[in-house]
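Asker: Sequence:
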Amino acid sequence: QNDAMAARMMRVLVIGLFCSNHLATAFVSAGIPRTATELRGGYDATVGADPSTPVQFFTMPGNTCPYAQRTHIALKELCLPFDMTEVSGMPKPDWYLTINPRGKVPALRVPTADYAVIYESGICNEFLCDYATKLQHGHNLMPEDPFLRASIRLLNDHCDNVFAKTQFTFLMNKDDTKDDELCAEMEDALAAYEDALVESKGPYLLGTDFTLADVHVFPFLQRLVITLTHWKNYELPKDKFPNLLLWLDSCLGRESVKETSMSKEKTIEVYTRFVEADYKFGGLNKSKQ
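Residue numbers (the numbering used here): 1 to 289.
None of these hints come from the bench; they were simulated from the model. Please read all numbers here as calculations on a predicted model, not as lab measurements. For each residue, glycine too, the CB sits at the ideal point set by N, CA and C. Be aware that a few hints might be false.
Computed beta-carbon distance windows for the label pairs [stated by the list, open to error]:
1) D176 <-> K134: 23 to 33 Å
2) T272 <-> P51: 35 to 45 Å
3) E276 <-> E255: 46 to 56 Å
4) A191 <-> N233: 16 to 26 Å
5) D188 <-> P51: 44 to 54 Å
6) K264 <-> A191: 34 to 44 Å
7) D278 <-> T133: 21 to 31 Å
8) K174 <-> G138: 41 to 51 Å
9) P51 <-> D180: 51 to 61 Å
Result set (DSS-like, lysine-lysine): computed pairs, CA atoms no more than 27 Å apart in a straight line [claimed, not checked]:
10) K134 <-> K240
11) K174 <-> K258
12) K240 <-> K178
13) K178 <-> K258
14) K264 <-> K240
15) K238 <-> K134
16) K165 <-> K258
17) K201 <-> K232
18) K174 <-> K201
Could you put together the complete structure from these sequences and hints?
Answerer: Printed below as a string of structure tokens:
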């Protein structure tokens, strides 16, 4: 009864993003997607979702969103079966706004827990770890040690509130005279990850185990090395970030990452639209303040 009550209390939002007239729903069980079903107009794309599925996952098409990729990686790593609904385009259909008035991705809905809704990538991922433990899946991305858990949360806070802002401000800067300053600020922010890898001795941020700390920052580093090379002719210096570059290779080798990533060509195509529009990236691009 307590679980049901807690689930109902959580039932506030869900997920989404730029929503639209084109939705696709695909079932993913043990990493094997079912044939996608295209749904149009205001029709509720979640109607056909399997109610026995542990998790419904809402995302953007084509693995384009780094926040949604965090949760997609977590689902794969935890081996949780899930329904995946892709939401794209404009305008937002009414059914989707009733699920998530904010229109953001990622979000999760749990049919077996009175359709409880969880959103925001960091919260989604910690929930998934707790949920996998409850289901006794035997996989996890959060250690039991409270000090290590705090270390993960501090690194993730650094990503969201420090590093990501420096990355997108540098990328979107149109004043060449400021590039050196903005690049230096970004490298200062990246130093926290290099230091963490030196302390943990790698290959991952907390040591031998791949955790939510790696999941949280990886989609941004993955995009950084592609976009900054393309638009700023910048590559992470090997003398400053030798461990971070090794870490990136380790992450890229994981199946969960391979299955949730855009190609280099697709990344450039997507970010070309952002660069040309001088996109704010939800406030991360500080040059647009």
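Asker: Indicate, hint by hint, whether the structure satisfies it.
Answerer: A quick look at each hint next to the structure:
1. One distance hint, 23 to 33 Å for the beta-carbon pair D176 and K134, is violated here, with the actual separation near 53 Å.
2. At about 41 Å, the CB distance of T272 to P51 agrees with the hint of 35 to 45 Å.
3. The given range of 46 to 56 Å is broken by E276 and E255, whose C-beta atoms sit roughly 34 Å from each other.
4. Separation of A191 from N233 is about 21 Å and conforms to the stated range, judged on CB atoms against 16 to 26 Å.
5. For the pair D188 and P51, the supplied restraint of 44 to 54 Å holds, since their beta-carbon distance comes to about 49 Å.
6. Distance hint check: the CB atoms of K264 and A191 are about 26 Å apart, inconsistent with the given range 34 to 44 Å.
7. For D278 and T133, the Cβ-Cβ distance of about 44 Å falls outside the hinted range of 21 to 31 Å, so the restraint is violated.
8. For K174 paired with G138, a C-beta distance near 50 Å keeps the hint of 41 to 51 Å intact.
9. Between P51 and D180 the C-beta distance comes to about 56 Å, which sits within the given range of 51 to 61 Å.
10. Between K134 and K240, the direct Cα distance comes to roughly 41 Å. Violation of the 27 Å bound is thereby established for this hinted pair.
11. Simply put, K174 and K258 have alpha-carbon atoms about 32 Å apart, too far for the 27 Å limit, and the pair is violated.
12. For the hint linking K240 to K178, the alpha-carbon distance of about 21 Å falls within 27 Å, and the restraint holds.
13. Of the pairs offered as hints, the one joining K178 and K258 is violated, with about 35 Å between alpha carbons and a cut-off of 27 Å exceeded.
14. About 24 Å separates the Cα atoms of K264 and K240, which keeps this hinted pair within 27 Å; it holds.
15. The suggested pairing of K238 with K134 is violated, with an alpha-carbon distance near 42 Å, which exceeds 27 Å.
16. Distance hint between K165 and K258 is fulfilled; the C-alpha atoms sit about 26 Å from each other, no more than 27 Å.
17. Straight-line distance between C-alpha atoms of K201 and K232 comes to about 31 Å, which puts the hinted pair past the 27 Å bound.
18. For a cut-off of 27 Å, the pair hint linking K174 to K201 is broken: about 38 Å separates their Cα positions.
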